Amino acid sequence: MSAVHTATSLNQALEMLAQYPEAQLMAGGTDLLVRRRSSMSGSDILFLGRVPELQDITEQSEFLAIGAAASLRCIIADPLVKQYAPLLVQALGTIGGPAIRNMATLGGNICTASPAGDSLPPLYLLDARIELVSRTGTRSVPIASFIHGPGQTARHNHELVSRILLPKVRPLAQEQFVKIGCRQALAIAVASFAGQAELDERGHLAHIRMAWGSVGPTVMRLPALENELTGASITPKHINYIRAALRTGLAPISDGRASATYRYQVAANVTARFVEGLRETSQS
Amino acid sequence: MKLKCVLNAQAVEIDTAPDRRVVDLLREDLGLVGTKEGCGTGECGACTILVNGQPRLSCLMIAAQLEGQNVMTVEELADTEDGAAVQRAFVDNGAVQCGFCTPGMELTALALVREHTLPERTCIREGLSGNLCRCTGYSKIIDAVERATHALVKDEKP
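Line by line, the protein sequences give chains Z and U.
With this note's numbering as the guide, the letters of the first sequence map in order to residues 1 to 284.
With this note's numbering as the guide, the letters of the second sequence map in order to residues 1 to 158.
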């Protein structure tokens, strides 16, 4: 048996963190409890699910702040998140099933730092910042610098992830999250894609931003490709060029769920489909 | 720990380890064996219970999380009017084959019919998407939930 320390305020959580530095942090527990069981871990648990400050979703002047322990269900249902981050809402809806979304949290999905984390590609595109608090202060880091690799983050042992900060920008005209898995619910992504784009009045690409999950140790971005496509009028030649760029730019591995070749193939297909969809919009 | 919560409409105080898995607490310590354990990793929904009316997976919860909460397991289903309607609809529609997924299905269905009046079949399918039926009797289960929602709406009319 191991002890469970339940914090009921952020201050208390930070005190407990100092007092029990070995404790494992638990918010929703949907990932942690599976890992604890398979590793027979006996460490204490610091339970963060009763800290009100970590549940709030609030609008600030520059950004939308989502409490790290807010459940996916609450985030999906929140009108502010729908307004500023529909892409995130779309992605969160693909995580687990309804019961999992009642329990799992956004902070948990981020800190698990799985290459297949479904919230991550949208958070990269939305320029999310991860806010960390400790007894000595608060700092925030861009998500891309927060996640170092599978299960590896920039969080120090004396810090808690408190909020996810999303800059308040208007969503682009075309936004899409696609997850390829074995079935629609309860599947771990074999590959995932998040895209945002907007055409100008001539039908040229004014903006395009793309991110891929499950095809590398962390979410993959290809800024050079985005730059090359910006301003272009999409032709079939561009689609072939994108496929070639993904072949060299993505870094999928083979594992029990899929082979590297398959992962590349489906990632390229969903990307091509997104960009072709833009071309059709521009022609209509 | 002394865990205080409301379990199946009864205020209870349970002496338990705080990190006891809720599914073990229910089945092994309290003898409430209606809740089933399928995968133990949150992928099948067999262990679904309602916490404050929301479906949750008891295999991915520890006792400390239930402190002060309102918990409903399949054992309470027949005691509530809408729960009984769901149960009746499952029986009448042949929505029970081996029965292993049934407790989780029925509790998830109850939360669904409480949240939506006359949901579309797509909505029912999405609502049940986290509950697997390895007998693959999905059509009849969805029929049953649809039937239950109709029965409940009729009951509300004088």
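Honestly, the hints are just simulated from the structure, not real lab data.
Fair warning: there could be bad hints in the mix.
Stated by the list, open to error - One-sided and incomplete, this derived list gives chain U residues near chain Z with beta-carbon spacing under 8 Å:
no.	residue
1	N8
2	Q10
3	D15
4	P18
5	Q54
6	L60
7	A64
For clarity, every value in this text was computed on a predicted model and none was experimentally measured.
C-beta: ideal position from N, C-alpha, C; glycine also.
Hints, one by one, checked against the model:
Because the closest C-beta pair between N8 (chain U) and chain Z is about 19 Å apart, greater than 8 Å, the hint is violated. Because the beta carbon of Q10 (chain U) sits about 23 Å from the nearest beta carbon in chain Z, more than 8 Å, this interface hint is broken. Of the supplied interface hints, the one on D15 (chain U) is violated, with its beta-carbon coming no nearer than about 12 Å to a beta-carbon of chain Z, more than 8 Å. Interface hint at P18 (chain U): satisfied, since its Cβ lies 4 Å from the closest Cβ of chain Z, which is below the 8 Å cut-off.
With its C-beta approaching chain Z no nearer than about 5 Å, Q54 (chain U) sits inside the 8 Å limit, and its interface hint holds. Interface restraint check for L60 (chain U): the shortest CB-CB distance to chain Z comes to about 5 Å, inside 8 Å, so the restraint holds. Hint on A64 (chain U) holds. Least Cβ distance to chain Z is approximately 4 Å, under the 8 Å limit.
The structure fails hints 1, 2 and 3 (numbered hints given earlier, in ascending order).
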